[in-house]
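Quick mapping for you: the protein sequence lines, in order, are chains F and E.
For the first sequence, position 381 matches number 381 in the working numbering, and the numbering has no gaps at all.
For the second sequence, position 117 matches number 525 in the working numbering, and the numbering has no gaps at all.
Mixed in with the good hints there might be a few duds.
Stated by the list, open to error - In silico lysine to aspartate or glutamate, EDC-like type, Cα no more than 16 Å apart, as pairs:
| no. | chain 1 | residue 1 | chain 2 | residue 2 |
| --- | --- | --- | --- | --- |
| 1 | F | K249 | E | D525 |
| 2 | F | K271 | E | D525 |
| 3 | F | K252 | E | D525 |
What the hints assert, rightly or not - If the Cβ cut is set under 8 Å, some of the chain E residues that face chain F in the computed set are:
| no. | residue |
| --- | --- |
| 4 | G535 |
| 5 | V544 |
| 6 | S581 |
| 7 | D582 |
| 8 | S670 |
| 9 | N674 |
Don't read these hints as lab results, they were simulated from the structure.
Here a beta-carbon is modelled for each residue, glycine too, at the ideal position from N, C-alpha and C.
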Amino acid sequence: MKKHILALLAVAGLVTLACGSGSNQGAQGSTIVLGAPLGLTGSLTKESALTKQGYDLWLDWINKQGGINVNGTKHPVTIKYYDDTSNANQSAVLMQKLITEDKANFLLGPYGSAATATDAAIAEQNQIPMVEANGAAQSIFNQGYKYTFGVLSPANKYLQGVLDMAATLNPKPTKIAMLSADDNFSLEVAQGVNDYATGLGMQVVVYKKYKNGATALTAEVQAAKAVNPDIVLNSGHLAEAIAIHKAAKEQKLNAKIFAYSVGPSTPDFIKSLGKDADYVYDGSQWTPQVKYKSQFYLSVSDYVAAYKAKYPGEGDPDYHVAESTAACLALQRAIEKANSLDAKKVRDALAALDVTTFYGRIKFDSRGINTFKPMVVEQIQGGEHHTVFPSDVADKQPMYPTPSWDQR
Amino acid sequence: MADLVQLVIIGLLAGGIYAAVGVGFSLVWGVLNIVNLAHGALVIVGAYLTWQIFTASGLDPFLTLPIDAVALFAFGYVVQRGVINRIIRAPLLFTFLLTFGLNLIAVNVLLLIFKSDFRSVTTAYSGAGLDLGGIVVPYIRLAALGIALLVAAALALLLNRTRVGLAIQAVGSDRDAAQLVGIDLRHAYAVTYGLGAACAGVAGGLIAMIQAITPTAGEPYTLQAFVVVILGGLGRVSATVVGGLVFGLVEAFAQSIPGSGSVFANAIAFGVMVLVLVTRPQGLLGRLR
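Just chain F, with the same shape it has in the complex (with noise of 0.2 Å):
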């Protein structure tokens, strides 16, 4: 036992060593603690891991800043995980056990709007701000809470970009056949598109909601190629996107414009589809092409660098990770602001927060939703994701009409 005891006052020695040799300046302070419960198995294990990616990659680069810096101390950051099997009420029950047990000082969000929402009454009840980043339903923020932020745009933009690009395209495209997967996500995405359709001169000829995570939407698909719409639009998830745009192929159903809420984005839509990916459109929350000034943390390129050095194999980053890593930086900006630990201060730090990142302009609404940045319009051609709109930070023209499929 005395031994063991040795060995261990042995070994924080040496790490003391290594820290105080590092390049930071100023005394250690204690480390802060972050939780986030997040979906490692079950259905959402592919999105709650790009999510975990984010998450790593900030926590990684600043403590080898030496930590976040409080009154001239800088505090080592470490983040706790518990895998809330992809549940939305296992998550808030580790959401609470992560403020009580592991004394979290501050709150990550979890990953899918569902889980965001049940995790935000907690950080509300125990007056601990969360900053998330992959919640964007409305339903969430409308509440009235005011520990809870969200770094993204909300759910009703998603689609809205691809409208305002198919405003701009030559002949234009009118008729929109809307699918919508049925949870509240979803849902506000195919609303936004309902709402904003006709003040561009477009109209939504059918709307057709299924079930969340359904994988046979042929029927669904043959719905929308009876009204031979200009416009396919699908607000759903990753693998609902797939199966759609399978089934359209296999129904030969011919449309200007394929756009898809999430899907798109990630790496799986083009290997699991390979060349009939092309031409797809997607609204994203961020592109690894888009032009934004960093104010602090890493300029866009640099941050693709360091996750393809992270994360060797997967490509560039998606629209997730970037996001993830946004609330970290929000976090950490709004707790440099308030030069305290102090959960009320930070909250109110976060409220006031107005700063650019390498994923754009951070700034919260008073429902404490990031209204303030736009969304951007992806499209796949040959094979790569390329940024087409809005012009400014766009890469690539649209590729426009897409051809149909026999002609491809």
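On the provided structure of chain F, position chain E as indicated by the hints.
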């Protein structure tokens, strides 16, 4: 009219997959009296096998199906002989717990090996199909339906015409009597589970060509297999095939309800199942036992 025909075709083609998934589940349930909660996981193991072989060697995915069947048979035989046989006479709850546990293990091993990425077998002919005056029949789905029917026919032949098959049926109707006439129960159980797993493997290979797969994609198939077997009736291969096709049709028609009606496609399919249970508890084609 053309829309209606198209919808029937969509339903039947989807139903072929459900039938393929259902036959193995039905066999294991009928003979071993085990509701195999790991069935969906076995399906996805077959799907990953096809994907892995296709990606590594470029072998046509249809040619991987026999490999899926043999590999899954061996796997199923070992699992039954080594694990499930130990609780075969225990109360139903134990078999639930055990197969649920097997499901968790299989899914998480797949997650470790393949991660949660979405994978799909995309060949040169993926998505292509016959176009009969506006009515579309995708080749892969058509072939999948054909193979599902073939697998079912082969299984029925095996059960009714071979010594092993008759032994399995004997075990299904009376374990103790079967043992008395000299049937090696443990072997018969293991062959049964192996056959169920082999059918699941073939179904999985077909699914890998039709949809994108992840390690967790099997769970809905366990549920669907359950409904299909209830619909058709337990104990006969042909009944399961009919159950699968009916389920596919009901689902396709429910999905075609305009607006948000299609959200209830699953609920409607389950509603039909309840209706069948109430009016014909033995299933559409089942025999009372």
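The hints, checked one at a time:
{"no.": "1", "hint": "K249/F / D525/E", "verdict": "violated (22 Å)"}
{"no.": "2", "hint": "K271/F / D525/E", "verdict": "holds (10 Å)"}
{"no.": "3", "hint": "K252/F / D525/E", "verdict": "violated (27 Å)"}
{"no.": "4", "hint": "G535", "verdict": "holds (3 Å)"}
{"no.": "5", "hint": "V544", "verdict": "holds (5 Å)"}
{"no.": "6", "hint": "S581", "verdict": "violated (36 Å)"}
{"no.": "7", "hint": "D582", "verdict": "violated (39 Å)"}
{"no.": "8", "hint": "S670", "verdict": "holds (5 Å)"}
{"no.": "9", "hint": "N674", "verdict": "holds (6 Å)"}
Consistency note: the structure conflicts with the earlier hints numbered 1, 3, 6 and 7.
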